[in-house]
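Protein chains: 2
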Amino acid sequence: MLIVQKYGGTSVGTIERMKAVAGRVVQCRKENNDVVLVVSAMAGETDKLISLAGSISDSPADREMDMLLSSGERVTASLVAMAIDALGCKAMSFSGRQVGIITDTAHTKAKIEMVTAEKVKKALAGGYIPVIAGFQGINRETDDVTTLGRGGSDLTAVAVAAAIKADLCEIYTDVDGVYTADPNIVKNARKLLKISYDEMLELASLGAKVLQARSVEFAKKYEVPVVVRSSFNFEPGTLVIKEDKDMENVVVSGVAHDKNQVKITIQGVPDTPGIAARLFKPIAANGIVVDMIVQNVSTDGKLADISFTVPKTDEKLAISITKEVADSLGSKGVVVNDDIAKISVVGVGMRTHSGVAAKMFQTLWDSNINIMMISTSEIKLSCVIDAKYTELAVRELHKAFELAAC
Amino acid sequence: MLIVQKYGGTSVGTIERMKAVAGRVVQCRKENNDVVLVVSAMAGETDKLISLAGSISDSPADREMDMLLSSGERVTASLVAMAIDALGCKAMSFSGRQVGIITDTAHTKAKIEMVTAEKVKKALAGGYIPVIAGFQGINRETDDVTTLGRGGSDLTAVAVAAAIKADLCEIYTDVDGVYTADPNIVKNARKLLKISYDEMLELASLGAKVLQARSVEFAKKYEVPVVVRSSFNFEPGTLVIKEDKDMENVVVSGVAHDKNQVKITIQGVPDTPGIAARLFKPIAANGIVVDMIVQNVSTDGKLADISFTVPKTDEKLAISITKEVADSLGSKGVVVNDDIAKISVVGVGMRTHSGVAAKMFQTLWDSNINIMMISTSEIKLSCVIDAKYTELAVRELHKAFELAAC
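The listed protein sequences derive, respectively, from chains B and P. Residue numbers for the first sequence follow my numbering, beginning at 3 and rising by one. Residue numbers for the second sequence follow my numbering, beginning at 3 and rising by one.
No wet-lab data here; the hints were simulated from the structure. Among the hints, a few may not be true.
Identical copies carry no separate label here, and so any pair may be met within one copy or between two of them.
As the list claims (entries may be wrong) - Computed list of lysine-lysine pairs in DSS-like fashion (alpha-carbon distance at most 25 Å, straight line):
id: 1; residue 1: K111; residue 2: K92
id: 2; residue 1: K92; residue 2: K334
id: 3; residue 1: K361; residue 2: K390
id: 4; residue 1: K247; residue 2: K334
id: 5; residue 1: K189; residue 2: K50
id: 6; residue 1: K390; residue 2: K318
Build the full structure now, drawing on both the sequences and the hints.
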């Protein structure tokens, strides 16, 4: 098999960890696989560099941040290559540019436009294990170094796997895989052996931290089978693949929760066309991603309330924009609730099974949990509730949908 | 003026130092100069990376060492660019590759073959201050990152200055300039205001640590005027330029000493042709640079002693090679003396003034210092003596040649 393995910051956080990674890679190679590595910066290194930049400038240029931050992965790539070499296998490190990871010019959050991977193929043919510095690319037009933003090394791994037509892309991290719910909350949560791209996408955007949505989208597009597993043990992990017949039989695959959202309500605006546009246009223009939106017609039938949720990191900016719009609309006011949680159930089986929503609402009602907002997609159902009921809701839903390990 | 400024590791060793450098650069810019920066890694960073590599592998591949070590200068370049930007001047960092520093494939000690500097010229034309990561280049054939070895950032600065036809190349370091002798030994040592390339070359190879010989050779070849000065004050420093008439009037410009050599003597070898070749060929083949060589015919007129000096870092290897050759020649044995010092006087005036050698020998004799070896060039005279007399010899010669500050 041709396997791309990606190791995150904690997996290569120390010299000992790098040696352990090298051992794993060499083992995989001895089992007659061709292996390509993608590595992150050592845990803490990127934060250290960001803090150096912060002590020099309040607003360092994005181009310079990319030049700065891309150095961390280069260090790990060369060190891991040395560690593999020390175990008797030939290895060679490559920067994002050398791998031919061509991106757009959006510094600090660049999009991959193309991956040539010529040197990777050549190194493989020469019997080398290529070790790629993750998280980075190059803009061919300007020849500038770019970085891919949060979860960028996962994206590098998936994109390289697609480019070299790898049989498998293994994402090594500090968790064992994808669970039916957060094991810290639900003791008998079960590790999923496989999950579809779409389910993983929903879980990623719902706060499951194992894979960024961008990487899953990329994997889905190029049908790269991805395994999420731990570099600290030899458990099999969770396989993320194309939806198959088996999956449809499972109504709900998992329960996710997200406490990093804030709910903003603009009260008493005229219930006329164009109001939503006037609110959400400036919010989008500021790069804020709105998750759920609910509009209620007020009792008098003329004035409406609009509630929506945004990530907590964008709270301040979103509130100030909303207040401005609220003033210009002559609304009754803006109410903010940042003590909320979004609880979601996800499963491709929802497409063919009815009654999921009913069961979810009933379960929350049985526990006396009030539902503030509801949003649905083809394969997920989310409810916003009071944050203090998060753990209770997750546990009860996990039980109701019979997700526990046997 | 178009000025290239190079700042070494201690000059950019902390955030505060980087800000100070940015201040200097911006000041220079305000005085209507165009400035290009070359920076080293923060003091200690390169050693830290070398130690990481050492804890992973006893013999890390040179290619990987270069990938690893080149990251340090990239960090400084981007941080210094941010610092300049924060002071209101536009700045842009560049890696060695981006500057077009093309080298051969000799990893960890690559030779510069060409510098295109296209991006540097373009950045200057656009009103930017280019900040170049020193010490590194790229091998165009293999597309691999290379590093230039000790003093590599100085070399980057001189090579870029030559490529963009700069009026001046300023090497900022933690010393004030080039002195008539080590100020730690000779209290009234005088800073030289100017010195010829050839004198600087001799001083560099004789142990003066301000500039590596390679950089001086490059500067001489392209006639780049170089100033060595301190980044910690505003003293004028020492100008290294083409020899001029004034210089000839100065018989001796300085006294240098070098304690980093070891003397090896192979005793009682046949005084026949080819002996020296048989000894020095394997030594050269192992990359050891032999400095001084003296051959004495022994008392019986048939057997000769050959003494030579090599850097202390090559001591073990040189001894083992010499012993092998000594055995094969049936010599009487190999004697090693690593408690020696080389004392030299340097000056372009020596070409036209006689009596320098006589005065040097007399001065050493007056202090009862035995001369073990003598070697001469057109503009320098070196004597190997017992190491314990180093300071005494330097002080007495400094006095004898009247080098003291007035």
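Hints, one by one, checked against the model:
Proximity of K111 to K92 under the C-alpha cut-off of 25 Å is restricted to the inter-copy arrangement: shortest distance 22 Å between copies versus 33 Å within a copy. In this assembly of identical chains, the alpha carbons of K92 and K334 never lie at most 25 Å apart, being 69 Å within a copy and 46 Å across copies at closest. For the homomeric pair K361 and K390, the shortest alpha-carbon distance inside one copy (21 Å) is at most 25 Å, but the shortest distance between copies (92 Å) is not. Within a single copy, K247 and K334 get their C-alpha atoms no closer than 51 Å, and across copies no closer than 87 Å, so neither meets the 25 Å cut-off.
For the homomeric pair K189 and K50, neither the shortest alpha-carbon distance inside one copy (35 Å) nor that between copies (43 Å) is at most 25 Å. Within a single copy, K390 and K318 get their C-alpha atoms as close as 22 Å, which meets the 25 Å cut-off; across copies the closest is 71 Å, which misses it.
Hints 2, 4, 5 from the list above are not met by this structure, while the remaining hints are.
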